[in-house]
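Protein chains: 4
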Amino acid sequence: MTKVAIYGATGYTGFELIRLLLSHPKAKISALSSEQYSDLPYGQAFPPFRGMLSKAAFGKMEQIRSVDVDAVFLALPHTVSASVAAEILPRGLRVVDLSADFRFRSIPLYEAVYGVRHVSPELGERAVYGLPEIYRDALRKTPLAAVPGCFPTAVILALYPLLKEGLIEAKGIVADCKTGVSGGGRGPSLGFHYPEVEAGVRPYGLPRHRHNPEMDQELSLAAGRKVTVTFVPHLLPMVRGILATCYATASGKVGERDVETAYRKHYGKEPFVRIVNDAGGIYRLPEPKILAGTNLCDVGFALDEHANRVVAVAALDNLMKGAAGSAVQSMNLMSGYPETMGLDFMGLHPI
Amino acid sequence: MTKVAIYGATGYTGFELIRLLLSHPKAKISALSSEQYSDLPYGQAFPPFRGMLSKAAFGKMEQIRSVDVDAVFLALPHTVSASVAAEILPRGLRVVDLSADFRFRSIPLYEAVYGVRHVSPELGERAVYGLPEIYRDALRKTPLAAVPGCFPTAVILALYPLLKEGLIEAKGIVADCKTGVSGGGRGPSLGFHYPEVEAGVRPYGLPRHRHNPEMDQELSLAAGRKVTVTFVPHLLPMVRGILATCYATASGKVGERDVETAYRKHYGKEPFVRIVNDAGGIYRLPEPKILAGTNLCDVGFALDEHANRVVAVAALDNLMKGAAGSAVQSMNLMSGYPETMGLDFMGLHPI
Amino acid sequence: MTKVAIYGATGYTGFELIRLLLSHPKAKISALSSEQYSDLPYGQAFPPFRGMLSKAAFGKMEQIRSVDVDAVFLALPHTVSASVAAEILPRGLRVVDLSADFRFRSIPLYEAVYGVRHVSPELGERAVYGLPEIYRDALRKTPLAAVPGCFPTAVILALYPLLKEGLIEAKGIVADCKTGVSGGGRGPSLGFHYPEVEAGVRPYGLPRHRHNPEMDQELSLAAGRKVTVTFVPHLLPMVRGILATCYATASGKVGERDVETAYRKHYGKEPFVRIVNDAGGIYRLPEPKILAGTNLCDVGFALDEHANRVVAVAALDNLMKGAAGSAVQSMNLMSGYPETMGLDFMGLHPI
Amino acid sequence: MTKVAIYGATGYTGFELIRLLLSHPKAKISALSSEQYSDLPYGQAFPPFRGMLSKAAFGKMEQIRSVDVDAVFLALPHTVSASVAAEILPRGLRVVDLSADFRFRSIPLYEAVYGVRHVSPELGERAVYGLPEIYRDALRKTPLAAVPGCFPTAVILALYPLLKEGLIEAKGIVADCKTGVSGGGRGPSLGFHYPEVEAGVRPYGLPRHRHNPEMDQELSLAAGRKVTVTFVPHLLPMVRGILATCYATASGKVGERDVETAYRKHYGKEPFVRIVNDAGGIYRLPEPKILAGTNLCDVGFALDEHANRVVAVAALDNLMKGAAGSAVQSMNLMSGYPETMGLDFMGLHPI
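Chains as they are written, first to last, in the numbering used here: chain A, 7 to 357; chain B, 7 to 357; chain C, 7 to 357; chain D, 7 to 357.
Any given hint might turn out to be false.
A pair holds if it fits inside one copy or across any two, identical chains being indistinguishable in the list.
[To be verified] 35 angstroms max Cα-Cα, derived DSBU-like pairs, lysine-lysine:
| id | residue 1 | residue 2 |
| --- | --- | --- |
| 1 | Lys61 | Lys32 |
| 2 | Lys232 | Lys9 |
| 3 | Lys61 | Lys232 |
| 4 | Lys9 | Lys61 |
| 5 | Lys177 | Lys9 |
| 6 | Lys275 | Lys259 |
| 7 | Lys66 | Lys275 |
| 8 | Lys271 | Lys61 |
| 9 | Lys147 | Lys275 |
| 10 | Lys147 | Lys259 |
| 11 | Lys170 | Lys259 |
Calculated from the structure, these hints are not laboratory results.
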């Protein structure tokens, strides 16, 4: 049994971690932190979990630090995460960080993208990128996992096999992403005010969203040469879900079977990646709608023969496979538990 | 282990039953029927359950009738349900019916309300109304449960303790209900066409919706005298959820503590009814939003002292506690399983 | 031509006033105030009106006070409104106030309900309640109109003819109201954060919302005796629109024709009230969906003969007939213009 | 004054044409056809226009053919449109066709794309593509306008100046489009059933949607060489609006000023195209949300310098600039009226 703490427990990722860990057979939530809501009773701080949390310690970070735990999930702002990790890791705990602090292989790149100084650059080298589909073995051995950004997870899973197998050109890749509002967090602001979101679709983060260098880093490693994705996220009037529609030039003559084979080769045994390409019905390609609450990433594709292009599509729940789900999946690997433990929820439909 | 069949498996209630039974420790889905979609491959007929159902027989009703099962869920239109039940029950199976066919204690009333002849009136007497909070003991002994309508479940759970304890007048009760669109089923029609539902709110079923006599029946039994609710349902731009806002005249001087006590008396030990009345936060009274996918019914109340009125509020997920969840809960009781088995999903937030 | 100023122009009511006045044949927007956004260029402060407003002065209240205008719309918080009105009225301007400051006939009641001291109680007596359907003649003669609250407008228009004609009992009236989120204004907060509103329905303001005494005041005047409505508003996942579903006990034997006649008597010639009661189709009773942007209030009804009750339904756009539309309608009357001037937009469908 | 008929008046485009023409100073609606709803009374066939249409003849096509009119709008399925046009044009009427029948310069291409035989290929040559921003002069002289598809309008307006000015490569263009559900029409089907659309995002029409050859045709003309766009539309949970996010490789070194200049050159005097590129606020780039009901197409852009790419964005209301608005704009030109007549609605915000 692993005693866990969740730092930043009253945000949406925190809520999702709580949901997963409450029903995880090998985890016990021992401590929850919140800087903003720690004065509230449990029921008001965690309305979805009324009556389920009273056994966990709850307070500001410094109030729960002394609680004895084996693993810690950090759902904190960047830089805060790194400083907490730096304090905790020496105690021998497993740390799963959901911020950007340990995602970059290059500290200077991190510092340029986020416009801050990295507070514990030395830890960066021990961190493993928390995408089990690529870094499974390393995750089994590390005490520090850096859960990828939600957009990079979708875009990388869509394109990784195609670049790895040389089916698409490294140059000229476009990733047009659509996301639900929960990706923006639980803090109210005009941009997420209901009347300003409903019935609209908003491109944002241009010209270069912070998740862009992160996906470039991993896709370049897959391709074996520099990949510079043109990435544009769009905010949609829905709460959960990411759809990544990726466009790439085919490397010469590429057929459906080639693409299918590449996906099967890399994902055929993956517990959380499905290849979706139905000939009929209304859910032919991946869609986040039927994945809410699951840890699945569905991938699919179509060929545009007129333009010799591959359209690769990935869908996931940004709070799950895009955050808390991958975090628990990583923690399972780091703890020697079955990778899928506590992640078997199959979704609600319709919702 | 109970082998189950779901008749009418490709509707929304059918989907929800599949979801629940796939992860139910004591159930095994052996057969699924669909009159409309039985020609499709599993993946297209059941997109939310891709790759999870291939071991169950799938076909039209007559194609799956010979499959060996112990229990049957009927998610069928009324009259069809009754005739299937009449055929199945003599074989010694447990039957949980989700139609209106066995909800009424008076066959003539059923026939008047639904404008049809009852096809197996003799079964009506053996059926037990599938609301465990009131009929738990009877459900343990019956082979035939009649799952209540979604609106009656919410309204009855809101008002039952108040009428039972004599805190409100039997006369003059109003139940203003709000429902998500999934309650209307999976069949497309102009009234459920996306552009006609989004951004609107539609009162319907006036002057007397078919669920009205059903709630009157049960509330009259609770009150010990005739209750005639004025019930108006409203269609909302959301998929799941029912909120019942019920208004009743207080019987003399009634205080908050009286109402609280009545609710605690009847629901204090109920596994799926919570009393919600928070002093702060944004979720003070019951709301269906945080109940999606759960089998919970939250109840709460406020007193309008200026008009000497009690406002009782109940929230639930119409596909769960309002249909499939209550069905599985009833099946658990009928089978001698723990009542909460397979019903422990705690919801997703936000969604 | 009337030169107008809008105080509080960057809120949703302000936006709606701008939209109406920009195309009003007899109005010219001369000044716009905003305490919060006055530093922004026009395009960012008023994104829906890019390129249309550069001729109006724009600044904080004190910056635009010297601009020469004939009429002023106050879309300000209560108490601020009253103090601005007190300063402006002596200059001979027409003032249309959209706050609660001048809606109450009893200053002590206002002070109790809003928990503040009234800053200019002497003006209260000159103010006319800005509901032309009842106070048309008085509005023609006053320099100060108090636009009703959005909920009171809907509830009063639904019930006024029935009380006036003695068709319903004064006692035991219930008004269950559903509103879009824009009624909560443009200021972000957790309660209006997209992920907390979408897919939900929230009862709020219990036990006695501030609009309750306002509707009681006007309905008591109509009935000729004390009316105490039990009023519960609900927040819906939509932006605009109010639906009021009102329940009242019929006074003896009341038939459909009686109710229809009462409505026709009072509203038969009203330009902005329609009686809606279709025998078929999906829009049989009033619904706010098809009224967005219009100044219409649709009213309709059904009789519940089992409980001897009248269900009266009213729908309107909360930002229009519930605020800015009624404000312009009042201004038209106060200015001697045709009452419907600038208010002829017929809505968008679907939206 | 122009007497007009609308064929196919009970679809969403028909509704929008009615709305526009009812308030058009030079148009009078004389006849309305509907094959499906002609048995209904006006109020039920046209709920948004209760009480406003009784002076127009209403019936099936053959029932209204004899009504005397000067201009006809065809909101009909393809092939039906062409045969009606062939019958009407010889009578000297102006015809504005909203189907695909006359959009293609190549009849064989049309026939291949739509899988039908063209019923009046000879008319194709007289038809002018109804995009006034490009074909203004020709529209002034033709009796037959072919209103573009909604997606092509957005994509063409986004890219036309860039191709015309040689700022982007003809090869490798991607158009990722997002649309509201109203684009799918008023006919209910599972794919547009509320519970299957809400909270989701669906890529569809792959690998080659029918609007793809249409945009290729016009963009190739602009570029002076073959353009083959990779176009993927996505269905969003909203009713109106299209956002086209277009990605193209810059032709050598291209700066913001170059793009801005190209747009200004082509659109600087356009009444319905705005260039939107704000430095602050939440509506920095074009968004359809604030364009509902307007005839505007907002265009904007960003440069991705890392990949030497131009991201061009266009937003419009698919029922307006994407259909009925462009149709009326074309009719104005064909009739010698001011181009903007009847098209001055400035939108509702928020909605």
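Hint by hint, which ones does the structure fall short of?
2, 3, 5 and 10
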